[in-house]
Amino acid sequence: MSHSTKDALLAWVLRACAVAAGLIVVLIVVFLCLEAAPALRNAGWARFFTDPSWHPNRRAADGTFNLTPMLWGTFFAMTGAVLVATPLGVLSAAFLHFYAPKGLAVYYRRLIELLAGIPSVVYGFWGLVTLVPLINRVHPPGASLLAGIAILSIMILPTIALMADAALANVPRAYLHGAAALGLSRWGTLRGVVLPAARSGLFTGVILETGRAIGETMAILMVCGNVVQTPRSLFDPIRTLTANIALEMAYAMGDHRSALFVSGLMLMGQIVLLVAAAEYIGRGRVHG
Amino acid sequence: MADARAARAADAAAAALVWSSAVLVTGVFAWVLFDLVRLGAGQIDWAFLTGEPEDFGRGGGIGTILVSTGLILGVCMAVAAPLGLGTAVLLAEFTPDGSLLGLLVRRSLDVLAGVPSIVFGLFGNAFFCVYLGMGFSILSGGLTSACMVLPILIRSTEEGFRSVPDEYRMGAAALGMSRAAALRHILLPAASPGLVVGLTLGIGRALAETAALIFTSGYVARMPESLFDSGRALSLHIYDLSMNVSGGDPRACATALVLVALLLAINGSASWMAERWLHRKVSEA
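Residue numbers (the working numbering), protein chains in the order written: chain A, 1 to 288; chain B, 289 to 573.
Just so you know, these hints were derived from the structure itself, not from any lab. A couple of the hints might just be wrong.
[Unchecked claim] Distance windows between CB atoms, simulated: (1) A/Ala166 x B/Leu552: 19 to 29 Å; (2) B/Leu321 x A/Thr5: 50 to 60 Å; (3) B/Leu476 x A/Thr79: 20 to 30 Å.
[As the list claims (entries may be wrong)] Below, a sample of chain B positions facing chain A; criterion: calculated Cβ distance under 10 Å: (4) Gly358; (5) Leu371; (6) Tyr507; (7) Arg510; (8) Ala558.
Remember, predicted model here, so these are calculated numbers, not experimental data. No residue lacks a Cβ here, since even glycine has one placed at the ideal position from N, Cα and C.
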């Protein structure tokens with residue numbers, strides 16, 4: 001083979017790889033839609049929000065399919081975790097750049113990376129044997145929204161901390177020199193110069209951690225108690241959308257199975273929105 | 289003067305806040321590790337690592353689980369590595385910035401990176417298990433995790449190619465090498481650190497995964513006889529023991545400790561390699 005035919009062949013092989021990799025998302029959406037179609041046809045979108053309860057059945061006509069308690073569960077757990085993890089993560093990044101002695105910063109960054117690598121099932125297990133009994137002593141049953149928020153916060157903390165770390169590293173040196181020349185204190189520099197300058201990176205971090213919080217399954221499933229209800233307090237057990245899928249997929253049939261794919265489709269929709277938002281911010285339109 | 293004093297007080301308060309959040313994060317990490325070691329370390333011995341689970345996992349070991357996990361990882365990497373390498377080469381070397389194909393593939397990989405693992409599980413179940421008829425099998429689980437690890441694998445492989453200095457490409461072109469030959473003999477060896485880091489991170493990600501495997505590779509804990517057998521992954525074993533088997537906690541903890549140790553080793557070596565190879569390459573360039 002001549003050089004050019006070999007090169008052309010190579011280019012086609014590579015293109016085929018890229019197209020295959022790119023099509024996986026499409027394939028996922030297509031299969032979610034295909035599997036969700038029966039439930040949407042037999043029950044329709046509205047019933048997922050207006051039915052009196054979640055008592056699914058393989059025949060849509062015989063069951064009730066209200067997903068709103070699960071949506072609220074996901075929403076509360078996610079919001080709580082983001083509210084706890086974001087300040088901790090940003091402060092961690094500030095620690096790395098402005099407070100920690102140099103030797104310590106290296107170890108702290110390594111620690112956060114390791115934290116990011118611990119699997120969710122291990123966090124869930126730890127929550128189950130340590131955190132849930134602890135909360136149970138304060139306010140039974142222990143397996144609760146609070147436990148979910150705590151575990152979820154620990155799990156998404158590395159995401160925001162590492163993103164904030166990168167965002168702070170990108171702040172131009174000249175800004176810091178300017179702040180020093182103005183005689184700003186360390187905190188004044190951080191609050192008045194560094195954090196505003198790093199804003200778009202921090203926003204992207206918050207969006208990414210939100211995505212992780214929504215999609216997290218195993219840890220939440222293990223510590224939240226999984227009762228289908230809209231929580232009234234932090235100590236109420238909840239069930240999230242993801243936990244619902246994991247719990248019921250094993251025996252779901254017919255329209256019930258299909259309804260679980262509808263909730264998968266909802267999750268997918270939320271993630272697409274978040275990625276689009278991250279993209280929008282990444283282009284700097286929110287900047288300044 | 290009062291202003292200056294207030295500013296100093298705010299500065300001190302902020303410093304206290306920053307230090308205490310760092311201490312809190314470190315404390316939680318230490319707490320998790322301490323609990324795992326305290327509850328699990330005593331049970332880990334050779335018999336545990338090689339034995340078969342007995343009495344639904346309350347006794348015995350995790351030998352068969354380790355084999356299943358290894359097979360799932362093997363399938364995952366056998367598929368994801370070539371596909372990821374090809375895509376990364378295309379993105380880094382063969383597409384001009386702003387080409388439509390490059391843009392679309394990148395965008396789609398961004399979304400893929402954000403897909404929750406339970407959705408991968410749904411997809412894997414519908415596509416690999418049911419549509420392609422593979423059933424609950426190591427093959428289904430491996431292929432599902434391959435889809436999952438692709439974005440992270442492609443990103444760091446691409447990074448590896450981008451850190452190769454342009455002089456290498458020009459040198460190859462000046463020698464009249466075809467692009468295929470340049471890729472094979474010059475770029476690939478020079479970019480291999482990125483690929484190795486990507487593979488390592490991918491293995492870590494797949495190893496940590498649970499939700500995507502419940503409905504694809506299944507629960508069966510005995511020794512798999514072929515890739516079409518169902519096989520239980522380490523992470524799933526932990527889940528099953530702690531949620532579905534009463535009295536399974538001690539063994540679950542020991543398994544968790546093994547998994548965490550594996551992951552710390554894998555992720556630690558990935559970041560060590562990334563620091564050592566990728567950054568030095570960048571600074572040399």
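Now the hints, each set against the structure:
The hinted window of 19 to 29 Å between A/Ala166 and B/Leu552 holds, with their beta carbons roughly 22 Å apart. One distance hint, 50 to 60 Å for the beta-carbon pair B/Leu321 and A/Thr5, holds here, with the actual separation near 57 Å. Range check, B/Leu476 to A/Thr79: Cβ separation about 46 Å, and the 20 to 30 Å hint is violated. Evaluation of the B/Gly358 hint against chain A yields a violated restraint, the C-beta minimum of about 16 Å exceeding 10 Å.
Here the hint on B/Leu371 is kept, as its CB sits about 5 Å from the closest CB of chain A, short of 10 Å. The interface hint given for B/Tyr507 is met, as the beta carbon of that residue sits about 9 Å from the closest beta carbon of chain A, less than 10 Å. With 10 Å as the threshold, the beta carbon of B/Arg510 stays out of range of chain A, its nearest partner Cβ sitting at about 19 Å, so the hint is violated. For the restraint placing B/Ala558 at the interface with chain A, the shortest Cβ-Cβ distance is roughly 9 Å, inside the 10 Å limit, so the hint holds.
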